[in-house]
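**Q** Read off the chains here:
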Amino acid sequence: MTAAPTKRPPFLRARRIGEIALHAFTQLVRMKVFYFLVVFAAILLASNLIELPQHAGPESVGAGILRSIKSWSLGTMTLFSVVLGITATALLLPKDVEDRTLYTILAKPVPRLDYLTGKLLGVLLLIFLSLALMDGLMTATLQWRTTMVLDHQTQVALSQGWPPEETAALRAEILAQGPTWSLQGAVLAVFFRAVVMAAIALLLSTFSTSTLFTVIVSFLIYFIGHFQADALEFARHAGEAGQSTAARTFAGAIGLILPNFQIFNVIDAVIQGTPMAPALLGKLAALSGYYFILYLFSSWFVFAKKEF
Amino acid sequence: MTAPPAVEIRQLVKEFRTSFRREPLRAVDDVSITIQPGEIYGLIGPNGSGKSTTMKALLGLIAPTSGHCAIFGKDSLKVDSRDDVGFLPENPYFYKHLTGAETLRFYGKLCGLSGKTLRDRVGELLALVDLESARDRRIGGYSKGMLQRIGLAQALVQEPRLVILDEPTAGVDPIGSRQIRDLILKLGERGITVFLCSHLLEQVQEVCDRVGIIFRGKLVKEGALEELIAIEDQTEIILRDASAELLAEIEMLAARHGARWLHAGKPRTTLERLFLRETLGDDR
Chain A
22 MTAAPTKRPP FLRARRIGEI ALHAFTQLVR MKVFYFLVVF AAILLASNLI
72 ELPQHAGPES VGAGILRSIK SWSLGTMTLF SVVLGITATA LLLPKDVEDR
122 TLYTILAKPV PRLDYLTGKL LGVLLLIFLS LALMDGLMTA TLQWRTTMVL
172 DHQTQVALSQ GWPPEETAAL RAEILAQGPT WSLQGAVLAV FFRAVVMAAI
222 ALLLSTFSTS TLFTVIVSFL IYFIGHFQAD ALEFARHAGE AGQSTAARTF
272 AGAIGLILPN FQIFNVIDAV IQGTPMAPAL LGKLAALSGY YFILYLFSSW
322 FVFAKKEF
Chain B
927 MTAPPAVEIR QLVKEFRTSF RREPLRAVDD VSITIQPGEI YGLIGPNGSG
977 KSTTMKALLG LIAPTSGHCA IFGKDSLKVD SRDDVGFLPE NPYFYKHLTG
1027 AETLRFYGKL CGLSGKTLRD RVGELLALVD LESARDRRIG GYSKGMLQRI
1077 GLAQALVQEP RLVILDEPTA GVDPIGSRQI RDLILKLGER GITVFLCSHL
1127 LEQVQEVCDR VGIIFRGKLV KEGALEELIA IEDQTEIILR DASAELLAEI
1177 EMLAARHGAR WLHAGKPRTT LERLFLRETL GDDR
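Residue numbers (the working numbering), protein chains in the order written: chain A, 22 to 329; chain B, 927 to 1210.
If you're looking for bench data, these hints aren't it; they were derived computationally from the structure. If you're wondering where the values come from, they're calculated on a predicted model, not measured in any experiment. Heads up, a few of these hints could be off.
What the hints assert, rightly or not - Restricting the straight-line Cα-Cα distance to at most 20 Å, the calculated cross-link-like pairs of lysine to any residue (SDA-like) are:
1. K326(A) x L33(A)
2. K326(A) x F942(B)
3. K326(A) x V939(B)
4. K1004(B) x L33(A)
5. K116(A) x K1022(B)
6. K327(A) x P950(B)
7. K327(A) x S945(B)
8. K326(A) x D1001(B)
9. K116(A) x T1025(B)
10. K327(A) x R943(B)
11. K304(A) x I278(A)
12. K1000(B) x Q937(B)
13. K53(A) x G1066(B)
14. K1022(B) x P115(A)
15. K1022(B) x R121(A)
16. K1022(B) x R1063(B)
17. K1022(B) x I278(A)
18. K326(A) x K1004(B)
19. K1070(B) x R1107(B)
20. K1004(B) x W321(A)
21. K1004(B) x L134(A)
22. K1004(B) x F322(A)
23. K1042(B) x R36(A)
24. K53(A) x L112(A)
As the list claims (entries may be wrong) - What the simulated footprint calls covered on chain A by chain B, stretch by stretch (three residues with Cβ under 8 Å from a Cβ of chain B suffice, anywhere in the stretch; the number is not a length):
25. 37-50
26. 117-125
27. 130-136
No residue lacks a Cβ here, since even glycine has one placed at the ideal position from N, Cα and C.
Isolated chain B, as found in the complex (with noise of 0.2 Å):
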């Protein structure tokens, strides 16, 4: 028996009621997604295309008008489908008056951890996304990028096989938002399926195996990345200390052999990468 897919979204059809004999303004239409387990999924679309609807609708917190949903073959409006998932909501606020290390075990205990289990559970999660100076200072008092950290930590509590992240960096600063993006890489490396949405391409890119492309609710483009953004027709070679006369060679070959030569250049680092190079010191 094969097992089922992390996420199953079958022609999801989702309205909303607007206001008295208006016609239902329609937020998701028809959209199918299905993602393997271990792999990472990235929705993108411009604001108001319908990301957070599909996700919602994943999680139960919304009813689809037709359609369905599924984690792991359970159906997403069963409370037994949130046994194995993980959701960090976009711009979330936690309570405040809670510290770190006691917001990890709320949500611990709400997911039936308790004991040793849970206190080593909390020293790993807080570990893990760099928070255990921060462990005992209460949530008020975080930054936007401790906050998006401690809510990735929550989601992962109960170590779930799939986490959902909605804008898991918006709003946060060049630093911090590495920082989740290493977290969201070092997710896939253990095999959690990650399935995040995000209007922010370029971290979509780094990050994603799959991407599908959401607008006005419609799923309008889906596949394997490198397969989406490659472009056929064309080849890139960067050499490394290569002098003019080589350029020149090469540039005479590929046009013995029919090839047009379109550019040869410097290859530029991203503002990113200058940034975090300047700052942290960080040269990836």
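If we strip away everything but chain A, and leave its shape as in the complex, we get (with noise of 0.2 Å):
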């Protein structure tokens, strides 16, 4: 046999995770998760049926399809990204425990933190690419619709003999209901909440004694996670109301613990054609990466100590 290595190979920690994130993805994939994009297909077929209600002249008619193209498209985007954020992660660890391979493969010199991270960013990657994937398609069908209504629009636009400048702003406006940069940056912010969700689905998995319960109290915060900004604007007014310190403390405590989700929510002004600032993106990645850590480091400290 050939000898056992006795240097650490240069990068060996990147690559180990990597390995165990590759494998977390396989995984995932073999689970044959990538069907639902053919639930997207269908509902992105659908949405081109649907035009949403509009209460704008006739100058209107087609940007509505955009819209719903849109809406449909991140909605079915945000439940994919959030539902396989949560249930893949709940399911990955107490499965590796149940089958006993996390013996195998934490008797091997995997560091903990290692593992975590792996099977944390395996999860990612396939969100991230389901995303891509569902991005592309969205794009290339918005891309399709807003050329017809383009082409529509501007001839009704010359047949009614509008100015050039007219037609040159409703063309404009147009095109800011297709595919835009904006539209780009409101699938990173899908991204982004299934980036917090997944990682609080690790940590609830690295305490919790059933899927279900992680899958549960996942959601549960998913929901009060929209609450969160209620909690701080509270903290603020007891502040200035005069109430007590402890009462202030608690809610600035579930603010810095719980993350904030209605930021998400500038999504809704990209599907009706708000362009989306790249420092209001910069700032939903800095708060993503920064809950990443706090649920990651929070995992390891749990996971660290447990004992199978």
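Work from the hints to combine the two standalone chains into their complex.
**A** Printed below as a string of structure tokens:
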């Protein structure tokens, strides 16, 4: 047999994490989660037929379809990414314990932090690729429909003798409803939200005794996260109204520990055609990064002491 | 400087909390075991006697309540103690979606192997455990014996100096069991230290140099196998083609020297040997 390596190769830790991530990704892919893309394609097709209610004049005909495509697509992406982020993460860890494959992995020179990071990154890789595929489908459909709407509206404007500047404004308005960089930013925001949810599910699964508990509590946190901003607001007002310091501290702590999912609702504005400022996307990325690290290290803290 | 022992378990105690207010359950009680490099050590005991808990403590999967475990001088609770150890858990279930070769590649990569070294190692190990023909079959379709053998191969992937086997032949048929036993003997010939636990006493007897008997968490007996099982005041002579007259003469000779004749008869083979001879023609 060839000799065992005496020196650790460079970047061993990163390679090991990458290997665990790739393995978790393969494991999930072979669970046939990509079948969801068929559902997405069907929803996308259906969204082409539904025009959202609008109160504008005939010049806006067709823009509703574009908004419908964006709304349904981003809604489905959110649903898919959050559900997958929670359930896949909640499933992977207990499954390894139950099947005793965890013993064989931790009996190798694999630090527990590397194992957790790898598993989480595997789930995130799957979500990222799925979102990229869905984004590709959405963008292509949107591009096709935008061209159709644009041609139709330009013809209407010309036949009605609109001045060139008004025609140009109409075209700009329609293009804003089409595939834009802001829309790509919205897809990234969907991904960031899934990152936070997957990290929360990971933390819960390190001490939970059942996958069902992890899933339910994760969804509960997701729900509470949409009221986190209200908690912070309460803290501020409590201060002004001279209420107890304990209440303010408690509300503040909730704000630090639980993510505010309301800020991810910028997606709604993008659906309406409002551009997303790059700084806002940066803020979302930074917040997601903060919660990712917070929950990952908290998971490690629990998992490092866990006995198998 | 003398080389550190392959395994050093010193006064290991492991207690598990049961329910609130109840006394903790002491699964391992003051167990000390030292295994020198190259030895094949068997820890035997009934189910629930603390064998697996001892192994898990040695691998750092659980933390001792008190006492200390080390592998080649490195504290078991440190990750680097696992550089030189391979582990096969009892009834392992590997990732069913991977093939045999993919499984070994996965574990090899975890140990830092890559490229040609890894490819060669995977080929060698599949040949060693006689699974070359099943290398591209998914683990989900493996039989129990094949699972144990691929498990043994993954334990050996980084060519560790110590291999820990928890009930390596549990649930395996006699042929598979014999293959695993032969593999353990091969490891011993290569100088690899083996620490195995089992409640199949005959198999432990066949492969181990030293054994320890654990019962209710305590190590009740330990020593070289030959010393432990030899009956000091008796002698065994096995003859081929001995006539009845010769046997009568030996009996008289023994009586003249004050020895008591206890038994003469045909030695028996074991049921396992009979089974293997009839099915595989294996006459060992």
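**Q** Does K326(A) pair with F942(B) here, judged by a C-alpha cut-off of 20 Å?
**A** holds, 14 Å
**Q** Do the alpha carbons of K1004(B) and L134(A) lie within 20 Å of each other, as the hint requires?
**A** holds, 13 Å
**Q** Decide if the proposed pair is consistent with the structure: K1004(B) and W321(A), CA atoms, cutoff 20 Å inclusive.
**A** holds, 15 Å
**Q** Are K116(A) and T1025(B) close enough, with their CA atoms no more than 20 Å apart?
**A** OK: K116(A) and T1025(B) at ~19 Å, within 20 Å.
**Q** For the pair supplied as a hint, K327(A) and P950(B), is the alpha-carbon distance within the 20 Å limit?
**A** Cα-Cα ~17 Å, so holds.
**Q** Mind checking the alpha carbons of K304(A) and I278(A) for me, to see if they're no more than 20 Å apart?
**A** holds, 17 Å
**Q** Within the assertion that chain B covers the region 130-136 of chain A, do at least three residues meet a Cβ-to-Cβ distance smaller than 8 Å?
**A** holds (count 3)
**Q** Against the 20 Å threshold, does the CA-CA distance of K326(A) and L33(A) hold or violate the hint?
**A** violated, 24 Å
**Q** Given as covered by chain B, does the region 37-50 of chain A meet the bar of three residues or more with CB within less than 8 Å?
**A** holds (count 6)
**Q** Within a Cα-Cα threshold of 20 Å, do K1022(B) and P115(A) meet the stated pairing?
**A** holds, 16 Å
**Q** Would the pair K116(A) and K1022(B) pass a check requiring their Cα atoms to be no farther apart than 20 Å?
**A** holds, 12 Å
**Q** Straight-line Cα separation of K1022(B) and R121(A) no greater than 20 Å?
**A** Cα-Cα ~12 Å, so holds.
Checked against the numbered hints listed earlier, the structure breaks hints 1 and 17; every other hint is satisfied.
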